[in-house]
Amino acid sequence: MNMVLPEINLYAVMPQIFLVSSATVVLIVGLFERFRRAIPYLSLVLLAISGVVAVNQLGQDPIAFSDTSPMMVSDDFSLVATLIFIAGAMLTVLISVSYAEARSIGRGEYYALLIYAVSGMSMMAAGTDLFSFFLGLEVLSISLYVLIGFEQREAGSNEGALKYFLLGAFASGFILYGMALLYGASGSTEYEVIAHTLAGERSDAVNLLLLGGLGLLLVGIGFKISMVPFHAWTPDVYQGAPTPVAAFLSTGSKAAGFVVLIRLLDSVFSGLQVDWIPLISVLAVLTIAVGNVVALVQSNLKRLLAYSSIAHAGYMLLPFMSNSQDGSASIIFYLIVYTAMNLGAFGVLAVLTARGSTCATLDDLAGLGSRHPLLAAIMAVVMFSLAGIPPTAGFMAKFYLFSAVVTGGYIELAVIGLLFSGVSLYYYLRIVIWMYMRPAARESADATGRLSYSGMTALCVSALAILAVGVFPSGLLQLAQRAVMTLP
Amino acid sequence: MIPVTYYLILSAVLFLIGTTGVLIRRNAIIVLMGIELMLNGANLSFVAFAREFGMADGHIYVFLVITVAAAEVAIGLALVILLFRNRGTVNIDEVRSLRW
Amino acid sequence: MELYFFLFFAFVAVASSVAMILQRNPIYCVLLLIMVMISIAGLYLMLDAQFVAIIQIVVYAGAIMVLFLFVIMLLNLSREEGGMFRIQKPTAVILAVLLFLPVAAMVMSYPGGGTAPPVEGSQAGFGEVEQIGTLLFTKYLLPVEIAAVLLLIAIVGAVVLTRKGTVATGE
Amino acid sequence: MTDLPLLSLIIWLPVLGAILLLFVKGDVAARWVGFGVTALVFILFAVCFGAFKSHIGDPQFVERIPWIETLGVSYYVGADGISILLAGITALMWPLALLGTWTIVTVRVRAYQVFMLLMQTTLMGVFFSLDLFQFFLFWEGMLIPMYFLIGIWGYERSSMAALKFFLFAIFGSLLMLAAVITLAFLYHQAHGVLTFEMAALYQLAIPPEVQFWLALAFIAAFAVKVPMVPFHTWLPDAIVLAVVLVKMAAYGFIRLTLPMFPDALAELAPLMCGAAAAGIVYGALIALAQSDIRRMIAYSTISHAGFVVLGVFALNQHGIQGAVVHIVSLALSTGGLFLAAMMLVQRRNTWDMEAYGGLWHTIPVFSAFLLIFSLASVGLPGLSNFVGEFLILVGVFQQHAAIAVVAATGVILAAVYMLRMYRKVIFGPLTRDENRGIKDLSFRETAVLACMTLFIIGIGVYPNPVLRTMEASVQKLLVQTHRLAETAPAGTSGTSTEAASRPVGLDATRGISQDNR
Amino acid sequence: MTESFSYVWLIPFLPLLGAFINVFCNRNPRVSGMIACAAVATSFLLVLAVFFQLIGLPAGERSVDVVVYSWITTGTFAVDVAFLIDPLSTVMMLVVTGVGLLIHVYSIGYMGKDTCCVRYFSYLNLFMFAMLILVMGNNFLLMFVGWEGVGLCSYLLIGFWCERQSAANAGMKAFVVNRVGDFAFILGLLLIFLYAGSLTYADVFAVDPNVLAPVITAITLLLFIGAMGKSAQVPLHVWLPDAMEGPTPVSALIHAATMVTAGVYMVARCHALFAQSATAMTAVAVVGAFTAIFAAYIAMTQYDIKRVLAYSTVSQLGYMFLACGVGYFTAGIFHLVTHAFFKALLFMGAGSVIHALEHALEKGKDPQDLRNMGGLSSLMPVTYKSMLLATLAIAGIAPFAGFFSKDLILLGAFVNAPVLWVVALATAVMTAFYMFRLLFMTFGGKTRMNPPETEKVHESSRVITIPLVLLAILSTVGGFIGIPHVFAKGMDRFGGFLAPVFSGLPEAPVPSSSVELALMVLTLLLAAAGIWGAYTVYIRGNTVFDRLVPRALYTLSLRKFYVDEVYDALIVGPIRKIAWGFSRIVDALIIDGGLTLAALTVRSVGNVIRYSQTGVVQHYALIMVIGALVVIVYVTGYLGP
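Protein chains in written order, with my numbering: chain A, 1 to 488; chain B, 1 to 100; chain C, 1 to 171; chain D, 1 to 517; chain E, 1 to 641.
If you are wondering where the hints come from, they were derived from the structure by calculation, not from laboratory data. Keep in mind that the hints are not guaranteed to be accurate.
[What the hints assert, rightly or not] Cut-off 30 Å, straight-line C-alpha distance, at most; resulting in silico cross-link-like pairs (DSS-like, lysine-lysine):
1. E:K385 - E:K363
2. E:K385 - E:K456
3. E:K113 - D:K439
4. E:K385 - E:K365
5. E:K113 - D:K424
6. E:K456 - E:K446
7. E:K489 - E:K113
8. E:K363 - D:K424
9. D:K424 - E:K577
10. D:K439 - D:K424
11. E:K456 - E:K365
12. E:K363 - E:K489
13. E:K113 - E:K456
14. E:K365 - D:K424
15. E:K363 - E:K456
Remember, it's a predicted structure, so these values are computed and weren't measured experimentally.
Looking at chain A on its own, in the form it has when it is part of the complex (with noise of 0.2 Å):
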């Protein structure tokens, strides 16, 4: 029996390498007590690394990773997202240090998972194949249960890993059993098969097959990307995952569920969108609905911020429906704002709370302007940058967004989405208020505590980003919308 090797090429697979590699390397080092406060850095640097690695290969013709299957490809698109993720761990990684210290979770694996996290993300992006996409998913969904329950001793923690889990697992069956169905419809998992599949005649049952398989797929990647009516677990699992992870996992594991959705419904799916667009458009709005009228009444700002999220899935949703080059790369552009902003907001409460309780709410922000001014400022950045107000970078992403919406002519959609971004003003602008218009109502505990340079770090560079990208868009827009040049 002879067994004829395909031409593989690695450089296909560099970043994912690197990222396994880096991460494997942290949890070995992570075993020297030792070495015990170098590895945040180490994981700094190695994750910097697996980003040149990717930065070095942007630009370049797609590269697949072997010529009978592809499996996983390299290109601009996948690089840039990589990038995405590369950079939101980095800040992940520096906002938990402290965090992480103080409740001693701070240990090699939490830092290893995380990378492993972001190689799975990586390989969801990279992914031509729904069966490297499922596999992916799962290194990140597994990297990301352990990840949320790593505060054992926190019954919150538990709580929601265990939810993350269950919820997760049962998406997971969704998609598994979807992509059966697309691979009975078309013979093979492949995306360019299935694409194929669809261009060419096919049958009304085949044609039935592939929505089912789409439809569910919908079900899981939604549930990722905490798309209404998947998105229940959000609030718990935010409120309950360590404040890094919970950052990590809005953004993250959203961007990566929303990478794949371009993938998937702007090259693979395109040809079912008159199908699939009604669908999303509501899924969409009511998303945002949902997430904006709930974010309203709470007064938890993890879960306040979880529902900010969901709202913000919503709009990016938007933007499938103008099925355009600009759509997906507005949706990269917006992905890379929103990766800012959302660390930024989650890395004020991880700093803020890194010793005191989990439970930070609004009143504990009272009076944050007057005892940590650095601080309450960049949470007034995030906010108005949330909110998308000008100059911050969270207008361009909402603007480049809306017009790609209105470009595909769905301006009804448009004024909807911005008509609720208008009402999560109020929540927004309600933590600023309570920083700088409200005298704190009780000593917190943290009240004299000094902040972490690291997360300070981390924050700053996010509050700098989202502010210079609000001014000088320009470079990261081109970025976004060579990434998406790429896609068939």
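Assemble the complex: chain A is given as a structure, and chains B, C, D and E must be docked to it using the hints.
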């Protein structure tokens, strides 16, 4: 020769029984088992389709799914054990401190 | 003949799974699930998927389900613990039935492969270890590697989560 | 003309000042920096104004730098007669406001200066933007400093007031954003190029029914900020910088709504005029029922803002020029009134009119200034408001005589509420002991108010420099509107015979709704 | 031509300068009066120069526009700051600066000791400025500037003693009522501009009547409403009696001699427009006549010396409007001039009395109440004599100034509107009655003061009496500038001087000399009857009228026809209620409440969704399955097999 649709129907039935199990059981472990049942249902479809196509790719998928399932089970059971340690119960409806 | 086999396995699988989700004793549940696994393995054999069938029994029924059993014993879950949601039960069943209708309608109309031609009978070596192995090491090299990483993560995760004595070391 | 990028300097200097302020320690130093920067801006503006050629209707001092190329956005600033006037009043008011609140603002002084400076930047940016996107950016960006200024340094209930204001404003703005995007999209459809350049968008032929909705969206944004009834309820609680908003919103009307949607205006302009007139009376009536000075001023602002809107939507030269003059005067008179009131409240710590009385002999200088500002607000001829009001009435009277009549009743009511306030606060017997010891204005305060008074009288007595500055620009604007109106669908033309029989007072630049009769 | 008058801008400017100097450069109360007087005196001299220069011109060229600078220009709207020098404005300027100067001088004596006299004099000067702008402007807008300017000064001066609540209220009332008139005035201006295309007198009056025809009645009526406000014609007269809260010289200057006559001046100035509308002319005449008799009726029973004079002023203004309304514009202006003399004098005399009594009367006694006076003729001889002359003048006794002007008005009324003539005649009787009532109650009979009080009463100082004497002379001989045709043909210098201004009007019908003479005699007789009546009642103490006149009529007069009360009930009250309603109900409840309700709705929806988040995983899973069901059903289009 049994038509492939038989298998597909069976797989759908198993998948949905699994789903129902997830929905109605309070014991976290059983819920996890329900999820396993769902995966098995999907697997059956894969194999049935593979037979239909005469290509063994579906088998590989099942192989991979089993791996994933194993990984999930490991984590899931670990979480359940942790839960039991923290709260002395595996009934997930009693674990609802995070809500509203 | 084949049909009887099919019906037998299908019946066992469905009956066991229904029993599983209704059974209150977790241990019985595990055993019933193992029954399901085995009947599915039987179906795999009927579908010329010998390798998968064996894996199903060895890994799934053998290893994974034993793990379940192990944990249940470990936690010493009493008979009546667990149980079901009363109100949610009918809802869930109705939902499942409702969901079954479109899915069934979908798969019922399945005519055969889309791109690949349907194959009659067994190809040479279809579903045998050799073919599977070849595929695993050529076409599916990357997924297998990822699966390896996945297992590593799972191991690490399980260890991290269940490691006892993680007393807060914060000074 | 100098080679300096004057407009950019004017726009961005305050930001530099704000950054500088971050490194300044101490309240006094912060105040000086704030004042110094704004004064510098004023000087720069003076240079700019000196070099401005009023006979040119096109933007001058134009600077254009590619900015966000992917969106077709460039950094594009320029000043025409209208914008330079509004920028001018901003440049003037800022140092005065900072000087006027020198001792009134005692908490977080540094932050106050920072936000005031940022606010100035956004205002200048709005006025000088020639790119719609950039305009919107500044327009929205203004909300942030505004929000803090209202929330932190406002008076009671200020944080909720700030929130309320913000929500009101943002809903309007978001609708406008949707319209902005749609405009760019329409342009892209028509010409295949993405651009936000205002001049280009003016030329866009938009189907009338689309125009209608777009115009409504724009109007929503501006109406909230002007504010027009019934979008005004944020104002009484957030009066602090209301005058600023009137300026911006009216500018928005003039710069964007008019030339962009001529066909829609045929339908909308009479409605807007009617709403504005209703607002004038409504605001005045409510001002009449207030015993709180701040709320009284707030409602008077609503009433006056109605005049501005009325003038703009008269769609003729008198109306628009009148509106601009009125905006400028409002900044001076209402701004002065509020500043003076703040000075008084700083001394006695209450806004209740009933708590005062008999101050004439105690603080004569203050009383005199308050009188002048009140009278200007009342629209006394010889003071600046009169010029604006009268021109507006002239303009509107030509279009909608009945509406002008209703609006003119505001003149009566203004006298009633202003003098009522004055009588309660200044006149009457001195009954309360705590009012006895009030100190009169300091030299600094006197200087600030005197400066405003000078301008009020100056514009009232000799408004022509102001009018001449914008004349060419307004004409250009109207020509723009007319040209598009003429290309409008059938049914809107054919009034030439009618025009011949018009009384001689009806000039050619009467605006489109007239033509549509 | 213009060059020769180029200095006229100084005429209004000098008083402004005076005000400016007083406000900013002068802290010395004593000097302030000097500065003010000097400014006005110089203006007066300049006016005289203008007058003689104008006389030197041929009659046809006695109308000169002097443009100072271009004021407001937008598109077709162009208004200059420019002055019109013609006989009419010159007459007004003479009256304003002349009488004004005397009152300024008088004020030094009257107000010199007030602590705020710097402020007082600057207001007074500012008023002169505004009034001169009003009469000199060559266009409607500039007139409006002066129009409002005098209103402002009136407001300030009425409220001069602002610590008195009543003074503050009166000032506000004056301003607001005037604003009602101004509102109409503005609308009139707008109409004029709309149809005439200009606001300059020369342009407007030259416009073809056909162009203006559709709106001429509206224009003139609107302008007249403005005049009614300023000149206190019924029903907008309510502010003038209250305006007596101001210092007495102010009442003399503003509320008798100058400002209140602005309406008459305006109507005369716009005679070209008014003449085009018979309706408007009728309205002017009727309103004037009604006001004349209405105010005279009220004046008969008032006890406040200044209020009597105030109602008398209203009444006399009514006469002037009557004159204008019947086309006798010259008569109106003539009466304006003579009225300025004698009414200013009356006020100043009253001021002199009040000034004297203020120091004499016990605390709590009102120095303005006629019932606290009596028998002052011996104590204050100069005041008494000059006031006697003025009273004779206003009563229309020949040959005092009032006789000539009033006679001309009555003549005009007789010729054009006999009904109104009867009214005017009745008014003349009443005027004689109430004026002599005032005189008798003040100076005649026995004193009603205590002896210690009487001792303290002294004649006023020279500064006060000299202007009185000067004005008394003018009141006596002032009428001779307009001797009627009956007595001497061509001796009507005044009419001749104004003739070029009113040349465009149709020739008024002139009755025969005998009729004219008969009318004069009748008038004189009736006036005498009025005087006799007053004498009977107030010197003799005869109570015949008490028995004859029903109580109700008396009360009606005393209570001023309850006009203020009616206004309170019908206008002020409802507006206040509407304002309150808007503020509390529409604004707070409906608009703001509606928004709050919307916000609450959103919040409660949020809360409902929030509390559906039960924390139980299976519930979440259930939601997911429902979602999946929806998705599947949707994408496959199957609702079942």
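Hint check results:
1. A hinted pair counts as satisfied when its Cα atoms are at most 30 Å apart, and K385 of chain E with K363 of chain E qualifies at roughly 28 Å.
2. This hinted pair checks out: K385 of chain E and K456 of chain E have alpha carbons roughly 20 Å apart, not beyond 30 Å.
3. The straight-line distance between the Cα atoms of K113 of chain E and K439 of chain D is roughly 26 Å, inside the 30 Å bound, and the hint therefore holds.
4. Proximity of K385 of chain E to K365 of chain E is assessed by CA-CA distance (about 26 Å); at most 30 Å being required, the pair is judged to hold.
5. With a C-alpha separation of about 27 Å, the suggested pair K113 of chain E and K424 of chain D falls inside the 30 Å cut-off, and the hint holds.
6. A hinted pair counts as satisfied when its Cα atoms are at most 30 Å apart, and K456 of chain E with K446 of chain E qualifies at roughly 16 Å.
7. Between K489 of chain E and K113 of chain E the alpha-carbon distance is near 50 Å, which puts this suggested pair outside the 30 Å criterion.
8. Proposed proximity of K363 of chain E and K424 of chain D is supported: the alpha carbons are some 28 Å apart, at most 30 Å.
9. At roughly 19 Å between alpha-carbon atoms, K424 of chain D and K577 of chain E fall within 30 Å of each other, so this suggested pair holds.
10. A hinted pair counts as satisfied when its Cα atoms are at most 30 Å apart, and K439 of chain D with K424 of chain D qualifies at roughly 19 Å.
11. Restraint check: the Cα-Cα separation between K456 of chain E and K365 of chain E comes to about 15 Å, which is no more than 30 Å; the hinted pair holds.
12. The straight-line distance between the Cα atoms of K363 of chain E and K489 of chain E is roughly 57 Å, outside the 30 Å bound, and the hint therefore fails.
13. Straight-line distance between C-alpha atoms of K113 of chain E and K456 of chain E comes to about 18 Å, which keeps the hinted pair within the 30 Å bound.
14. Our distance criterion of 30 Å between C-alpha atoms is met by K365 of chain E and K424 of chain D, whose separation comes to about 28 Å.
15. Straight-line distance between C-alpha atoms of K363 of chain E and K456 of chain E comes to about 14 Å, which keeps the hinted pair within the 30 Å bound.
Going down the numbered hints, you'll see the structure goes against 7 and 12, while the others check out.
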